[in-house]
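Heads up, the sequence shown stops at 189 in this note's numbering, and the numbers go up one at a time, no gaps.
These are calculated hints, taken from the structure and not from any lab test. None of these values were measured; they are calculated from a predicted model. Watch out, some of these pointers could steer you wrong.
To be verified - Pair ranges (Cβ atoms, derived): (1) Lys112 <-> Asp66: 16 to 22 angstroms; (2) Ala56 <-> Asp79: 18 to 24 angstroms; (3) Gln181 <-> Ser100: 37 to 43 angstroms; (4) Leu45 <-> Leu77: 33 to 39 angstroms; (5) Met140 <-> Leu77: 18 to 24 angstroms; (6) Ser92 <-> Ile67: 16 to 22 angstroms; (7) Arg24 <-> Pro149: 20 to 26 angstroms; (8) Gly141 <-> Gln176: 21 to 27 angstroms; (9) Ala156 <-> Arg70: 37 to 43 angstroms; (10) Ile98 <-> Gln176: 32 to 38 angstroms; (11) Lys112 <-> Arg132: 32 to 38 angstroms.
Claimed, not checked - Distance condition first, Cα-Cα at most 25 angstroms in a straight line; then the derived BS3-like pairs of lysine-lysine: (12) Lys55 <-> Lys25; (13) Lys112 <-> Lys154; (14) Lys22 <-> Lys154; (15) Lys154 <-> Lys25; (16) Lys25 <-> Lys50; (17) Lys22 <-> Lys50.
Glycine residues also receive a C-beta, built at the ideal position from the N, C-alpha and C atoms.
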Amino acid sequence: MRIVVGISGASGTIYGVRLLTKLRKLGNVETHLILTRSGERTAWLEMNQKAAEIKAMADHSYAVEDIGCRLASGSFLTDGMVIAPCSVHTMSAIAGGISSNLMIRAADVMLKERRRLILMVRETPFHLGHLRTMTQLTEMGAIIAPPIPGFYHKPASVMDVVDFSVDRVMDLLGLQNEGAQRWQGGNEE
Numbered sequence: 001m002r003i004v005v006g007i008s009g010a011s012g013t014i015y016g017v018r019l020l021t022k023l024r025k026l027g028n029v030e031t032h033l034i035l036t037r038s039g040e041r042t043a044w045l046e047m048n049q050k051a052a053e054i055k056a057m058a059d060h061s062y063a064v065e066d067i068g069c070r071l072a073s074g075s076f077l078t079d080g081m082v083i084a085p086c087s088v089h090t091m092s093a094i095a096g097g098i099s100s101n102l103m104i105r106a107a108d109v110m111l112k113e114r115r116r117l118i119l120m121v122r123e124t125p126f127h128l129g130h131l132r133t134m135t136q137l138t139e140m141g142a143i144i145a146p147p148i149p150g151f152y153h154k155p156a157s158v159m160d161v162v163d164f165s166v167d168r169v170m171d172l173l174g175l176q177n178e179g180a181q182r183w184q185g186g187n188e189e
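Put together the whole structure using the sequences plus the hints.
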């Protein structure tokens with residue numbers, strides 16, 4: 001599989017970094033990373049992680065300004081794109097078709113080619129404009145998957161909470177994910 005991973009400037013860079021880690025472990029997924037300048041700054045502020053370290057986790061990485069690279073064309077075949085985290089700014093630009101940078105253009109390509117686009121929108125609370133934009137994107141074919149954790153798996157760490165949302169995204173991509181915590185039913189004694 002060939003998956004595009006976008007990391008925008010919203011809080012929650014850990015979601016994109018963890019997704020890259022899990023995709024690499026699968027061994028059969030080629031990753032293409034777009035990291036925005038705001039995403040770089042947020043990664044440093046939240047995780048003390050440099051952009052070069054994150055880029056090294058992907059098979060290929062691209063400058064957000066490189067609007068002419070292969071990810072900007074529908075003729076470059078990919079199996080899906082995840083923006084983790086996805087800022088409301090990025091979400092809104094995608095909904096408006098404003099392809100002003102590679103992240104937004106690559107997402108636009110996913111929509112126009114009817115490929116899977118998953119947005120881990122990481123802002124709260126949502127106002128009516130955000131909700132309408134999410135509805136518009138869903139009608140266009142995107143999947144809105146905010147990182148909202150479940151607790152039935154009894155998380156013991158922040159990483160357990162992060163993994164819950166990342167594992168759901170991997171499910172949405174149709175990827176085998178043996179380590180995912182799954183609901184087994186609540187009727188056991």
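Quick rundown of the hints versus the structure:
no., hint, in the structure
1, Lys112 <-> Asp66: 16 to 22 angstroms, "19 angstroms, holds"
2, Ala56 <-> Asp79: 18 to 24 angstroms, "22 angstroms, holds"
3, Gln181 <-> Ser100: 37 to 43 angstroms, "38 angstroms, holds"
4, Leu45 <-> Leu77: 33 to 39 angstroms, "35 angstroms, holds"
5, Met140 <-> Leu77: 18 to 24 angstroms, "20 angstroms, holds"
6, Ser92 <-> Ile67: 16 to 22 angstroms, "19 angstroms, holds"
7, Arg24 <-> Pro149: 20 to 26 angstroms, "23 angstroms, holds"
8, Gly141 <-> Gln176: 21 to 27 angstroms, "24 angstroms, holds"
9, Ala156 <-> Arg70: 37 to 43 angstroms, "41 angstroms, holds"
10, Ile98 <-> Gln176: 32 to 38 angstroms, "36 angstroms, holds"
11, Lys112 <-> Arg132: 32 to 38 angstroms, "21 angstroms, violated"
12, Lys55 <-> Lys25, "16 angstroms, holds"
13, Lys112 <-> Lys154, "40 angstroms, violated"
14, Lys22 <-> Lys154, "21 angstroms, holds"
15, Lys154 <-> Lys25, "24 angstroms, holds"
16, Lys25 <-> Lys50, "21 angstroms, holds"
17, Lys22 <-> Lys50, "19 angstroms, holds"
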